[in-house]
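> Protein chains in written order, with the UniProt record's numbering: chain S, 1 to 273; chain W, 1 to 1194.
Keep in mind that the hints are not guaranteed to be accurate.
What the hints assert, rightly or not - Okay, derived cross-link-like pairs now, BS3-like style, lysine-lysine, Cα gap no bigger than 30 Å in a straight line:
| hint | chain 1 | residue 1 | chain 2 | residue 2 |
| --- | --- | --- | --- | --- |
| 1 | S | Lys121 | W | Lys1067 |
| 2 | S | Lys35 | W | Lys1067 |
| 3 | S | Lys222 | S | Lys104 |
| 4 | S | Lys61 | S | Lys104 |
| 5 | W | Lys805 | W | Lys98 |
| 6 | W | Lys944 | S | Lys263 |
| 7 | W | Lys1067 | S | Lys25 |
| 8 | W | Lys1101 | S | Lys263 |
| 9 | S | Lys22 | W | Lys1067 |
Said to hold, decoys possible - Not close to chain W: a few residues of chain S, all C-beta gaps over 10 Å, as computed:
| hint | residue |
| --- | --- |
| 10 | Ala16 |
| 11 | Leu133 |
| 12 | Ala136 |
| 13 | Asn162 |
| 14 | Arg191 |
| 15 | Glu194 |
| 16 | Ile209 |
| 17 | Arg219 |
| 18 | Lys222 |
| 19 | Gln235 |
No wet-lab data here; the hints were simulated from the structure. Glycine included, each C-beta is placed from N, C-alpha and C at the ideal position.
Now for the letters of each chain:
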Amino acid sequence: MRKNVSNAGEGCSCKAVFSLEKPFKGDVFFYYGLKNFHQNLRRYMDSRDDGQMVGRKTNLKNPSSYCSPFIRDQNGLPIAPCGAVANSIFNDTFTLFHHDSSGKSFKVPLLRRGITWYTDKNVKFRNPKVDNLTLAQVFQGTVKPLYWQRPVYELDQADPTNNGFINDDLIVWMREAAFPNFKKLYGVLYRADEHFTQGLPAGSYSIEINYNFPVQHFRGRKEVVLTTLTWFGGQNHFLPIAYLVTSSLILLIAVTLTVVWWKFGKNGKNMEE
Amino acid sequence: MNAKAVVVDGVFKKKERHVKANARDFNDKFSYADNRIKTSKYDIFTFLPINLFEQLQRVANAYFLVLLTLQLIPEISSLSWFTTIVPLVLVLVITAVKDATDDYFRHKSDQQVNNRQSQVLSGGSLQNEKWMNVRVGDIIKLENNQFVTADILLLCSSEPNGLCYIETAELDGETNLKVRQALTITSDLGDISKLMDFDGEVVCEPPNNKLDKFTGTLYWRDSKYPLDNGKVLLRGCVLRNTEWCFGMVIFAGLQTKLMQNCGRTNFKRTSIDKLMNTLVLWIFAFLICMGVILGMGNTIWESRIGRNFQAFLPLSELQSSAVFSGFLTFWSYIINLNTVVPISLYVSVEVLRLGHSYFINWDRKMYHRQTDTAAEARTTTLNEELGQVEFVFSDKTGTLTQNIMVFSKCSINGRKYGDVYDEFDQKVEITDKTACVDFSSNPLCDRGFKFYDGSLSEAVKLEDAAVQEFFRLLALCHTVMLEEKSEGLLVYQAQSPDEEALVTAARNFGFVFRARTPETITLCEMGRTVTYHLLAILDFNNVRKRMSVIVRNPQGQIKLYSKGADTVIFERLDPSSDDLMCTTSEHLSEFAGEGLRTLALAYRDLDENHFEVWMKKLLFASTVIENREDQLAVLYEEIEQGLKEMLTTTAIEDKLQEGVPETIACLNLADIKIWVLTGDKLETAMNIGYSCNLLRDDMNEVFVVSGHTLLEVQQQLRSAMEHIHSLSRAGIAGDADKSDMFADDSAFEETVIAEYALVINGHSLAHALEPQLEHVLLDLACLCKAVICCRVTPMQKAQVVELVKRHRGAVTLAIGDGANDVSMIKTAHIGVGLSGQEGMQAALASDYSFAQFRYLQRLLLVHGRWSYFRMCHFLRYFFYKNFAFTLVHFWYGFFCGFSAQTVYDQWFITLFNIVYTSLPVLGMGLFDQDVSDHNSLRYPGLYKPGQRNLLFNKRQFFLCTLQGMGTSFLLFFIHYGAFFAMAREDGSHFSDQQAFAVTIATSLVIVVTVQIGLDTHYWTAVNHLFIWGSVAVYFVILFAIQSNGIFGIFPSHFPFIGTASSCLSEKSVWLVILLTTVVCVVPGLAVSFLRVDLFPTLTDKVRHLQQSRRRKRPPERNPRRVRRTSSHRSAYAFSHQQGYGELITSGKNMRTGTVSPARSPARTQHSSNWMENILKRSNEVSCISDEQHKAATV
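So here's chain W without its partners, still in its complex pose (with noise of 0.2 Å):
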């Protein structure tokens, strides 16, 4: 049945997957999913079932419900059932309680993404629907800046040849505009009573999370038309500059492509989780080790003296020889001893966690008062794992920069602008109090925007004619589409984040880009209309490295604007303006060094008869069929040379958030190794590197790893490992054996000094990550100090957390804020989402949200390290403790006949860790801290021995279990010795199991007490009050169990009466109290005095100093500035693809203004190409990533 069951689906799933629009019957057959998604685990009536069936899966809840069955049988059951049953009662409570809040919360946010609004075709007319109702097969409207429902084939829309915008941030993380193209055929079917009419069916492939990649056939009216990817809006996008579109869903709910990505929901363990089960399986295998001892000797004794004393206690029915009492015994023994596996570890565990990220939701220093959005813990189970984290992995966009881009500087004619003097000609750092320049006065300025130096604005007032230029060349040469929401509210589209940047400052500086038809560029220059000629546009490609435009000024001159890379526009400058070339460069340089994006600009007058002879070259040259495109880019490189007259550069600052180099530089201290991975190309990636500080001039080398073919990334990736194994080996040479050198690749990593960087690409790094590569990457990479992989999918992300996870099983930690990093972030053993300006799709899935990606740096060094450290005291105590009051029971056998009988009371036993001891080292391990939050930031180094496991692991464990039996081992046989001849001060014997087993608890409880708070390293108020509150309980309960009153209502089940009165009134227990506690704590205390006297770790040495200092004075503020090393690079990250210059010159995407062939180059007749074009490059990257999943099927 099952396995028919899997066929089929199997079967199904190869199946094309066909949808007809309108018709909801025929869809229904196929039973597609619908648009609701779910990513609750529990409703109210299954809670409690699956619940619980999870919790008892647990081992150690079914080891205490084994347990408790064992009790039930009389002849075994050592202890009351109520010993085991009380815990695991208040344990299974406390945790159900916890998942039932996390689930409402799911069901929340689920429930508010279900119920957003959206328009459905049916029946005529336009209705309303909630999300979850949308079905496959439904048309659907979407209007202007809202999120595409789900999976959509785009019918028609509101702009012209049914194209639309839409921004894929949600998806990719970038935020420039995409454009989507209906099919020709639908794009007339503007009105609802022909989308009505409409009956297409389509014929795709199934479900898949290939964001690039669309195949399918639409099937209407008899004809097959092709689909691809370039029609297909997805679920996540948001629908940009487009008033209005129609599409048909194809893919719903769960099956669209974006929920797709973001894989499973996989419970997420931390390393200590995964040691500490371990841990428990040992404990356990030590209890049946102890169970077989003990019952052995059970053996033994009951053959060999038991039997002569069956006068006075006979055998029972069941003990009918030695061998079976024995294996009775065993079992008793295993409930004696059960206490050994901590019930309450895996509770005050999980309190622990929720106190620790209380902590990280009430910390301050969190707090981003801006968006109003604190640090938000959404996992509480992970906070440990926060301490030891190896590896970063990083989105760029969002993440580490703000992804606005801010015109911050610039160079014209040799003249510096953009900083800020003093009256003493000292350079003022730019902060939020500085004076910015006053734009009111011109009617059309962006209020958002903000320059600091007045000097450019007088410039401009002054009618300086190179100032002047320069704003013009900033309006007219770019490819900016321009929307008017009303009279004087511009709001430009641009394709790159750059180019809205400088047509924003040209705007403010007062030359307005107001309007653009497909010949002409209007501006509002200083108040006056002006509007230009535009002749041509010479668009930006990657070879080309700039973009210009030609237009004719209302005097009839014809100029050429050129905007580009540094060095490409400095090759073509006139050699007359050599000096100026210099002051420029010098500029550029400065500008580059403070981490600022910079672009040369350039123009030339054009000579009348000359323009027309390259006129009438281009547009033969547009009409050959064979290589068109390089004869253009020669005629373009023709035009473009000898560019003089004015040479400027912008900067552009591609705003780093807040702090964050100096949030890496700390981290890069910290040992943690950053990864940045995003979807932009290669320059900008890098640019971004450089000035985060990922990517520094004095590194020894960068790789750049870029290849196509598998063969060519092998080959780049040898020759790097290569390089840096010849160049240590000639560092080494001479001491060190070469071949022992490669033997131990880990002792090889310690030995590299010097630094690299590894910068990989998308399309390499889908072959560098098949299996015969992915160990000389993992290499490569994990020998430099950075790693950028520029241009991956969600998926490669993903693939790439996964790879070190798996094979350097460190810790990996990675954030990043858009859909696009949401599938990284579940890989990752931690996943940090930041709530920033890409919705909340990643904040969502993550484990921690925070609003800045310099709170990173607190979340680890502070709350994470302490979290590590808390934990691992905790959990060393925790077991220590255990071990200290379970063995007793063990020595004890050997003295009562291996007969199961308990030292203590049974009370004693069943409140001993849920009452008398929880607290104290719950307080310890909530509150307790080495070193102060200042510390922890200041010395970084702090922060390594998380990542080397070093505060617990199996021989921390040893250590400590061994201490507890140590103190077990004196706890029994110093109060043996003692009894052995003990009488009271009124002569009556004093050896009785009853006074032993009080005075036995009272030693133990006051030694671990003593001892904790001999770890305390931090003393609040809270430890205080559990401390001593905790002895205090103790004695109040003891003398409340053991009372008259309480006696007599249950006679059999308090025996202990009086006891605890006639025994703690002795001298002599006292002094053997003492005695115990004495010699139990000395051995710790002497061996971490030498410890921290001897080999003194750094923690300690901080905390001398912390201590020291404490004692002086109050410690001074120290913030560690982080120096951008200065670098010269051509840094012209400019837009992300080709820009729109065929679609603005051919006219296609304006509604207004009619069109004629003559006059606009770079159309002609090609111009039913362009559309072609376009979407052909758009998919470039498509293809290479299709062959990379042809590559990973295989």
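Next comes chain S alone, as it looks inside the complex (with noise of 0.2 Å):
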């Protein structure tokens, strides 16, 4: 559907449905996954200009060679934000639902702020800076990259601040993952609601899907993800396996070497000329 370019700013809907046995204690998060999508390519990786992002005037109607061949549209208005990256942005929304033994549907809230670094967002992403314009004319004369619905300035249509370079899921887009399977924050419980405050109840949820982005045709698939931390980040069961095999051995190790020096090294049975 996305070949088409015509077709980009159509969309779709779904739903899915799923229960959760257990409860999510604590803060939950929600993550969108893409498998098999290449941020790592150098050239889609290269292609971009941090220049731009961080607000820079001349960056801004000038971008960067980089970001070919998403510099400027047919009509030779430069592209903000230029380049691959910034094109293939994640456009997906989700809106997750908890139904409860009663039938009711409850909204779960979640909080879609302050899911990117703080260096980031304060210091790597600005937007240009003008005394008493807006920000739609602050990017007058740019056009919105080709595959995109809105103009980078109207991201969030709910909170005018998350607007222009500084857009949190632009943010945690332009952070390129290091492997084709990846994982992107989207959203965090937001606890404050009085039904979630203990983190998820155990229950049935749906998620609406507002379906943007196409992934077949590079034959790769979407995931959501909710998952709850430890007290060393994501859930990772690598590396616990990973400390116990690599202990193990050196265990194993530790007794040989023990056994041989006891046996040939000890007293420097070996060591007489």
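Two independent chains are provided; combine them into the complex using the hints.
Written out as structure tokens, the structure is:
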């Protein structure tokens, strides 16, 4: 669908239903994941202009050649934000619903702000600074990226301070993943809501997905992950297993070496000239 | 054009050389070389282009230049240009600075030689000219003790008959005087006006390197005069005993025989260097392989997956097809992975070698206080090769010996003098502190003379007849010439240093040789002047091995004094002195056992009538034309019979340099083969061989090869070979298959347990070096523990070295001190020059120079071994580190669609090799030591791994690259596993490429740092500073280039802003780093632990000892004493050639005193021939060498 640029603006929606056996206690994080999406191709990764994103006005109107081929549109107007990375931003939207035993549905509130690194939000991404001008005026003379539905200054219609280059979703997307299968943070459970102060209770849930981002043509998959965190970060089975394996191997080596040392090396038996 | 020039050159070379005296215009036509010498490479203007060109010729530098150009192509540039240019410029600058300093010193030394003063005859008077301005055809004046400016034809001299004396030590190492004589026709050109009118033309051979041959003709006043070697003074000789002489320059500057002998300065490379170049090529091939794999991967990926992704990332215009995209990716990966070929390797190696050279320069234990000379590494590129030496080629004179002969002991009438005893009759070892006999009562004594046994001077004072006669003999029976510089200041000029030592001894004990005329010898005996009539000199020659004089003393008695080799003298003794002979013989053996050169003395009274009869016979015999020599010999023999009355021996010490036998023994234990190549004659060389422990009496066999023809030599070599084979066959008969044994020569070498030595003569060597025999020679020589080549020319020395170098593939070291060793020093892998008595030529041509032979031990076993050890360690680590660093990109290729995306930040790639990891590895390469210097010397066996190239070879290289690959694999996949599902503590996603890059880079730095910490055996403060400093610097730079400030200035160059701080504050990241470090380091650690426990090398054992000893107590000093083996041998190493007997008795060389023909028998009517005889004899060797040269050119 996306292959045809003219379809980029169109969307569809669908719904996925699932249930939680156990409640998720504490902070719950909502991720979207992509599989087989190569954010780590060299030309893809290079295809961005950090100068533009940090709000340099020369770069805004004159994006770096690295952004090729997403520098200018057919009319020669500069694209903001330029480059392949920004152009391919993940633009599905999710709404999570909790259905309690009585059949009532609550919208699960997700915090969609504060999901970026502090330095990204406050240093690396800045809007061009112009006094007394609205964001739309600042971006006058630029066009939105080809695949985008809305210009960069209208990304978050709910929160005007979350627009332009400092939009959280954009920042999250711009931090390119190291591997083709990756997850990115979509939102955090807003626990101030009375139903979810303890986290997510067990029960059935559904997600409404506003489907914009096509994956089938590159044989990709999309996923949604809900998770809590442990003391060392996200759920990660690799580290504990690796530690267990390594420590048992080292124990084995230690025993072998001790035996060898006892038999041969002790008192320098082999050390006589 | 070029070809034509070559032909012209060829014709020119065949042409004879025409030189006309006092005719610069005429000589200028031929454009002969002037007397300037130039060894430097650059001048100010040519330095930059030539040096840059030379540097870029190096594979590595050229490679990086190519890389740089690749990086400028945007389509394939996967890394910024600065990642390559920063290190490249750094490398080029450091090397250029080093080359410039080297050349500056060469300029200085050239200038010093070129600016020496000489006197040139021009415009009717003598003008002072610098050496470099002397031209061919000039007539120049030389004065006593001056170096000869160029190769000159001797025209006339201050001495009668145009004689002059030269010392050729700089050329061939011989310090005895040689005589040269001008043509009779030119010898009376003694004053300047006559010389100005001299317009002779010399036609001679073109420049060549044959020191002992010269052929030419002088055309003057319409006559032809043949010229030969005896009329030419060569550059590098020193004029001695001759007030002045005039000569005409024939060859100048680079065309002189000395310079022609020097050979080309070729750049010496160590075997590690060569190995390194091969390895770099291998790595390069490996790099291309990886590039091809990844490029192909890219083609496949693009055609299968990438094309689905084109909506997000359209192909650029150039990437029209997947294949072409793969091709571009190949180049991108070449750039990406370029760090497997480590650019900083070469420059680090240079820095290490420079450091090691300074360690040599600063070593106080190689500083010689007496001469104020420190060891000096003149070449800074060869250090690690010092740890791999298998063959040492040593000069004898001045290298093993001090070239000083000292009268040290004697036995007179059965009593031994010379040893010092304490009050308990225990022999006291003579040291510098031992009180020596005071000779100050003797106004004519030589202050340099030292003797420790007071009893001898007591005996002289007590007028013991035998002792007095002994010294009288020493003062009379010799052919020493005398020069009295001022009243009482006597200078003896002897043909051999032995004679000088003996006469000097007599002088100090009160029997001073004061004056000589053809018929008299004047002594000052205990203050009284006594004149003896010299009746005859029965001169020395190699067959007779003795010389005698017949004198009439003031009392009118006729006496014959004789000295000679002990065996020869003993045969001629009167049977009545048998008892005495036994005792003396005992003493003789004792002296010889101490390595002293011995000589037996005897005399007899002659009956007046008997002498008259004999004299008549002698006179008659000397007029006979046929068989005159034989008849004279018979007569000499007759009169020398029945010697008796007194029997004494003297022992002269050819003073070995301090510590020579110990050094040789030690080097032998380190499996270093020592060959002595000397210009000396066979006997002398063997004698020294024994005294310095090179030859021993317990050796199974000492083969002496001295054949004169090819066949003889071949036979001698073959029979020696068979001897060894048969003996060892007998030794191992039964268990070893014979054919097997011969099949593998090197295996056979191992099985030879018996010890052999080979002594080979110069003229035999000439034959043995021919292609059909050289292998036999080499095989035989390598089976022998010691090899001595005597009477060899400088070129032959080089040939021998070349032979071993070419066929054995072993590292050779040549050590010498004279100009005659220069060619050998330059040929060998490593040249060592002793800055000693024979001038600086050798030291200047050498790679290392120091004052004493014994420092060689420390140079090789300590500095060489350390250098090699450090270098190997350094290289192993270096390759490991670079592979671990770079191959991560390779693994990442499989996950990033083979798109040549780098794993790390570009700044990390730029700085990793030159900042983060360069200093720790340099610190290790500079200071690491497995075993202390003390133990290195104590266990010479530790040297052997270097010779067998065990510490760094292709296998080691594979192991360390394998380790590097393993590390990179673990590094990548542990991080991959960890990042696959990682999130930060605040929940934000954490699988982004920048966080991955920073974590993996930090792990890498920590892993390689821990690894170097484990590899370092010897920690100094510098190591600590470098290692911990580097880690600290890594973190400082990491945070600096990912800081807000620098991002604010260059946002597109520092996109990693904030990654470090958000990344390294995570616990999970540190858990990953810890895991990686442990997993990467433990296997290597376990392997080395097992190896030390199960298969410890000698190094491990010594280390173990060293550690346990350090724990217990400080090491006790245990200097090794080497006992000389005692043996009896006739060691009459007398003069090099026939003495001056004829010269003296003919009176030709006496300025005063008339000659009465009637009284001196040796002259008579043949006296006109004496000079020819002398010259003929002195040319004997040259004839042989001529043959050899002919043979060599065929």
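> For this structure, which hints from the list above don't hold up?
Violated: hints 4, 17, 19.
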